[in-house]
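Undergrad: What follows is each chain in one-letter form.
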Amino acid sequence: MIAIIDYGAGNIFSVKNALDYLKMENKLTSDKQDIISADALILPGVGAFPSAMQMLESSGLINIIKDQALKKPFLGICLGMQLLFEKGYEFEECDGLGLIKGSVEKMIEPKLVIPHMGWNKLEIQHENPLLSGLDKESYVYFVHSYKAVCSDENISAYSTYGGKVPALVTDGKTVFGAQFHPEKSGDTGLRILKNFGGLIK
Amino acid sequence: MLAKRIIPCLDVRDGKVVKGVNFEGIKEVGDPVECAAEYNRQGADEIVFYDITASHEGRGVILDVVRNAAKQVFVPLTVGGGIKTVDDIRETLRAGADKVSVNSQAVQNPQLIKEGADIFGSQCICVGIDAKMVGDKKWTVYINGGRIDMQLDLVDWVKEIEQLGAGEICLNSIDTDGVRGGFDIDMLKAVCSAVKIPVIASGGAGKLSDFADAFIKTDCSAALAASLFHYKELTVEQVKNDCRNKGIIMR
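As given, the protein sequences belong to chains A and B, one line each in that order. Each residue of the first sequence is one higher than the last, beginning at 14 in our numbering. Each residue of the second sequence is one higher than the last, beginning at 6 in our numbering.
Quick caveat, the hints were computed from the structure, so don't treat them as lab data. Among the hints, erroneous ones may be present.
Across the chosen pairs, the derived CB separations fall in these ranges [stated by the list, open to error]:
(1) B:Met155 - A:Glu99: 49 to 57 Å
(2) A:Gly73 - B:Asn149: 49 to 57 Å
(3) B:Leu213 - A:Gly73: 55 to 63 Å
(4) B:Ile254 - A:Asp165: 18 to 26 Å
(5) A:Met120 - B:Gly63: 35 to 43 Å
(6) B:Lys251 - A:Glu118: 32 to 40 Å
(7) A:Glu136 - B:Lys89: 52 to 60 Å
C-beta: ideal position from N, C-alpha, C; glycine also.
Let's have the full structure, built from the sequences with the hints guiding it.
TA: Here it is, written out as structure tokens:
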């Protein structure tokens, strides 16, 4: 079972809809026991970094997530991806989960519209099991105003919007983060979610 | 680089897809969820449900449509029509919409744009506009499905809604809508150069090359059509291939 961590943030139903469609067993939950017994975890999220961390904190989930993310496949989506890093700078400096080294900073592209919203191409630079079987020309759907700043080796794929925008990151082991929304990225996104499910041992 | 988007629009009344010609002579056809799934197969980048149900009680029906579509269509879904309050926005997003499109109500109550953007984020607030030419390079904004002239200058209005926090503009030309002679290039140019937020071209698509034309001649980010796709004269795939062949970036 994949636990979709429900901490009161954002449009979690679309993640559930996608997993249901793929016939991947899942549960929306904030229950610690569910998170511990799950085979894999998804951390969704739409909204602001500090308020999301606060909600995780008040649900008492931070330590369990940090611990479990090292033991089983873990995927953060959009804001959930950003929370994987050590620090965020949305409105104020705020600690993240610290599962991947780096921070999350405001996108500054004077000539471009922020938020970065729409379909952008995935440029794959390192192999990643989540990207297996994708077409060379794969587009995914983004909506965000902040981006990850981290070491290149953690970035499996990026998109170009002004500069490089980290799209899929990983710690190289169990932790994955997608800045885009796989659950809104058509067949490409569904394939990525299916690949994630395939990591379950 | 962001890809340009092709957006089929489903005009829905009482849970059934209809398509009006110049807002009149509405025909009834089809199940909206099935139509959305078909557009998804064809490669639609986004799907718009435009609710033209007259009565307020009818709103539950469009929410059911979105709920069901969201279970089988995994591209962004937008719902327009009949959205009057922040609660309507919340309800619509909760049903599974990724964006809402506000039109008449935004003209009558511009604060709705600001409140919606503040609470839910600019990315989910699209402002729909119906406009009509009143002189050389001059257009005014209409409401209630193109029936009432608000004597509001189009360019002033798009600047205001950008200020208020709208994430996107869906620009429908009353002059070209239903005429099938192509999108309103002059109007699109005027709006695209007035704002930075993405502009969706709407109203007037009649043949394959109209889409690429809009992307080549203006800075619009997306093009929307209803009847052309609905009556199967063109598929989304054909349109995207034509654009791709002309060097336009498509998903």
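Undergrad: Confirm or reject each hint.
TA: Going through the hints against the structure:
1. Between Met155 (chain B) and Glu99 (chain A) the Cβ separation comes to about 51 Å, which falls inside the hinted range of 49 to 57 Å.
2. Evaluation of the 49 to 57 Å hint for Gly73 (chain A) and Asn149 (chain B) yields a pass: the beta carbon distance comes to about 51 Å.
3. At roughly 57 Å, the beta-carbon separation of Leu213 (chain B) and Gly73 (chain A) lies within the given 55 to 63 Å, and the hint holds.
4. For Ile254 (chain B) paired with Asp165 (chain A), a C-beta distance near 25 Å keeps the hint of 18 to 26 Å intact.
5. Between Met120 (chain A) and Gly63 (chain B) the Cβ separation comes to about 40 Å, which falls inside the hinted range of 35 to 43 Å.
6. Range check, Lys251 (chain B) to Glu118 (chain A): Cβ separation about 37 Å, and the 32 to 40 Å hint holds.
7. Between Glu136 (chain A) and Lys89 (chain B) the CB atoms are about 43 Å apart, so this pair departs from the stated range of 52 to 60 Å.
Hint violations for this structure: number 7 only, all remaining hints satisfied.
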